[in-house]
Amino acid sequence: MATYSDPPAESFKLSQLINDTRYRSYTFQVIALIGILLLVGYLISNLINNLQAAGLNISYQFLGEPAGYDINQRLIEYDSQSTHFTAAIVGVLNTLLVAVLGCAMATVIGVVVGVLRLSRNWLIRTLMSVYVEIFRNVPVLIWILIIMAVFTAVLPQPRDFRGANATASMVGDMFAFTGRGFYAPMPYFETGFAQGAVGWAVVLVVLLGSWLAARAVGRWAARNQEATGLRPTTWHITAGLWLVPLAVVLYVQGLAWEYPALKGFNFQGGIFARASLIALWFALSIYTAAFIAENVRAGILAISKGQTEAAASLGLRPNRIMNLVILPQALRVIIPPLISQYLNLTKNSSLAIAVGYMDITGTLGGITLNQTGRAIECVLLLMLFYLTISLAISAVMNVYNNAVKLKER
Amino acid sequence: MSKSDLSFVRTEMLPEQAPPVTEQGVVKWLRENLFAGPINTVMTLISLVVIYKILVGITPWLANGVWTTSSLAECREVLQGQTGGCFSVLTERWNQLLFGFKYPVEEYWRPTLAFVLLMVAITPVLFQELPRLFVAAAAVIATVVLVELLAGAAGLAVPTVVVGGLGYWVLARFGAAQGWGSMAVSRKLLLVTGLFPFVGYWLIWGGTVLAPLVALVGVLAGYMAFRRFEAASFAMGFLAALVAALVVWYLGGFVTAAAQDALALPEVPSRDMGGFMLNMMLGTVCVSLSLPIGIVLALGRQSDMPIIKWICVVFIEFIRGVPLITLLFVANVVLAYFLPPGTNFDLILRVIIMITMFSSAYIAEVIRGGLAALPAGQYEAADSLGLDYAQSMRLIILPQALKISIPGIVNVAVGLFKDTTLVSVISMFDLVGMIRGPILASTEWNGVYWELWGFAVVLFFVVCYGISQYSQWLERQLQRDHR
Amino acid sequence: MKKTVFLGALTVAGLAAGAAAAATLDDVKARGKLNCGVTTGLVGFAAPDANGNWDGFDVGLCRAIAAAVLGDAAAVEFVPTTGKTRFTALASGEIDVLARNTTWTFSRDVDLKFDFLGVNYYDGQGFMVPKSLGVSSAKELDGATVCIQTGTTTELNLADFFRANNIKYEPVPIETNAEAQPLYLEGACDVYTTDASGLAATRAAFENPQDHVVLPEIISKEPLGPLVRHGDNDWGDIVRWTLNALIAAEELGVTSANIDEMAGGTNNPEINRLLGTEGTLGEMLGLDKDWAMRAIKSVGNYGELFERNIGENTPIGLSRGLNAQWTNGGLLYSPPFR
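Taken in order, these protein sequences are the chains called H, G and Z.
Just so we're on the same page, our numbering is the position in the first sequence counted from 1, plus 28.
Just so we're on the same page, our numbering is the position in the second sequence counted from 1, plus 1308.
Just so we're on the same page, our numbering is the position in the third sequence counted from 1, plus 971.
For reference, chain H alone in the conformation it holds in the complex (with noise of 0.2 angstroms):
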């Protein structure tokens, strides 16, 4: 008999490189790597070639120099002297505030248009396909530039509300609706001590105390419910729990609304949306909200009708059913959808620039690129906070669905 040896030690061949499964996906990992490298090189030094040649130096500097232009709708204090810096957070705050905004609105047609798609109503039921259809078939950006129009075109003007025979009058003398945005009354606080932002902080500890409240009332019913099989009426306790407090303090510290008047060439005073933040606001909302009700069709659709049946053999009512039984398992489906359209809405936020809302892309990526010059610094910069905000928002699902998952045992 022969003996086996250990086989002979395989000499390494260099076309084991190529045809070897063991080798291969190293050959191709290194080839990837370093076309990557050497294109990334290329691009570099293309770079810097340019930039020499024209005698231009990547630098950040200009971020602390004044900006010198102004900038009309502002969450925080900023005047021309400002930096440009915080021209770039004026403009993220104001990117934030449209993209919230949006959202919310979004959701809420959203969800309405998307349940009465389900509707008996045939004619409502018709009728929110066609809004559908049509808003998620043309562009955004032409949505909303439609509104903006309906801004200068339609809307009356300030001028047309001035002098005696003006053709356009302010709506109840509170509000006024122009071609330059909506006004709108101001509340604020008399009472001195709770002038300013005391006064809304007031407001916002005793709201949040209202709902503590009127959760623990919930709980308690809840428990109720469990021991004798009947749930207490409680509508009444949580509405004085939530409006009681709130009037008191309310009138405590001297609640009086500001009026907007024409003074000038403007109204003046009252809360003022412009009217390129209401455009970008309804058009990114009815946009958004057309995705929106077909994902809310599908997650309600999802749920096969055998839940339903089971809940009502139970003896659940309509409503009920809704809430406990298909709500919990719809929302699953229709939430990761759901926040991938708040990011849409959010990346489309970046049109303003055609409407001239000043968002980040309106200052950082707009006046400041002009002015400075600095493209390649500011496009970088902008990229960067779009791409946090994206990861945040994905981070944010990601979590929810960890959350949400179906727990199989």
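Now the stretches of chain G that chain Z is said to cover, found in silico as 3 or more residues with beta-carbon under 8 angstroms: (1) 1577 to 1589; (2) 1634 to 1647; (3) 1740 to 1748.
Not close to chain Z: a few residues of chain G, all C-beta gaps over 12 angstroms, as computed: (4) ILE1359; (5) ALA1447; (6) PHE1537.
These are computed hints drawn from the structure, not numbers from a lab.
Keep in mind the model is a prediction, meaning the values are calculated, not measured.
Virtual Cβ for every residue (Gly too), placed ideally from N, Cα, C.
Given chain H, work out where chains G and Z should sit, using these hints.
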């Protein structure tokens, strides 16, 4: 008395009575669909009021529309204070809206013809079979357009394409429902599909026919080299194809340089493209370019080679994390710094590069979904047959994964097509750019908003709704296959 | 050209970066076309007509340069640029010269590394308001809504002016002149501010120009002129002296009508040097001796260019003002051709 007389059981039935009026016909339908319960009734009434208001607003605007004046002021004169649309802006400026303001008028037949060819070219990709009538109608429309083009009446051809296209779609929808006999789409049409990129390029940009011809020969040479070396390994074949194509293109460069005028159409620089044509071009070019890139990226992201995987992940997530507009800014103001000095890509080419990157990242994610949806058994079966990676992907995995992903890809394509309007923000004159810039700012048409925006809405809606209907139809087809 | 782009796209990754950029003059000659950056449309200065042909004051300068360098005033590719894209387009080599009413400022010249080659229009920022507002001075604009083009010096001047006078305003930023026009007309802003010449041009395009007034205040100096990339002095010289040739031609009485006659030789040595019948000025620039003659012949001298596009007999109706020859009390003063 016979027994039967005592029977308590009725021996003959009463004649059937008609159901109550409320339970039949229109009334029943109305009751169940519109007036079921008080809430429903209120909603119906509200909707009716809304519809009435909209109709009252729009009807006189459409009915009194003025089509023949040469400025808004003249429109107002004709209307004399009545409500009415000033649609003359469309008849006056239709060419600018569709082709931009610089594309030579006498060359309009070229993009129109390219559009018709595009329709022919994508048919075999999109449909397995078509109703006969549909095909016949398409042939008639194409012939009419060709005759009009040959007669030099591009102005007629454009409305023919638009109206014909609409009719075509309606016919297809109802024809299919009526089951008017289907015929298989000839696979031979795929030849047109293969040739279209080269013909389309030649038609739209012009210049000598040799340039696209050389490109085509290069592709063919690459394909033949691939077939020749494929047996050795996929990578080998791919490399050989690349080398062969590059050699042909390099040599062909001399030929084209030598014979600039061989069968040359007048050249149209890409700066002169505009209007809806630009949207169509960007959409078509970028989607078709991004498909292969998207497939590669998706495969890379699924790969078990960590470096390749991470390169793809970083690329995809980066692109998906930023808005398209920042990428367009890159194309507009930054990209030039990253190219070697002297390379002078024009704006449209830079925009195509960036939009292609953008859409390939999204398409990659859709295809990744398709890959993930395949049961693991498919991968294992391919492995157990002894297929290598390239073979198993090409023969087993991708055909199935792509089929699942088609609806998703079509949705990305619709989204991308809508996003091509963003180029107006970087001062390119696409449909939206034309409206906002040259037309609304001109003395004659300052203030004609609704007619122009309505036109834009209708154009985009027709195209996007058509495509998304196709996508839904396809989804239903695919679903049936699975059950 | 398409073919080179095509091949360039294919092999771009494989090519090493070329050495330093070739001289712009050689590029232009090799290309056979001048790439000239202009506005996206400002009637009188640079605007495409219904057939897509560009015309205007700035366009004339581009054509003059093309005539001088390439011998063909039509060999110009006009690249529309916005306030945002203009500087990158020039810095990256997409255009050879920027003639887009661009204000000559310190930071643009020094920090952005461009060379301004003279002034073809002395301008200043003004305000336009509807007559019905009854405003007669910019200082009465407290609380007004102002439309401004972003990315221009006007934006900064405006902020300075209102801050200096301690009055408030609401800025409405706008990308292009074309977008500003409907906003202003519909009353979305009370005031439109830009260079006075731009205001006149915009007003001229209105249906009822007489309903709008330009306020008397001019709040800034806006010397507008052509610019090129820093560092290519030979190319800069050509642009500078083409502009000077147009100005000098007016001063010396050379017009596109009499130039053929004068090119036969005159007894004014400077005219002779300008038109190349004496001396070798053209060769010094790297061009031939007829360069200035071609430029003047194709677009006329400065005065003709002005009168044809923006002068008092055009809808824009600008008077010469500061832009008269120094001999007539203006600021135009060409260095001698010697």
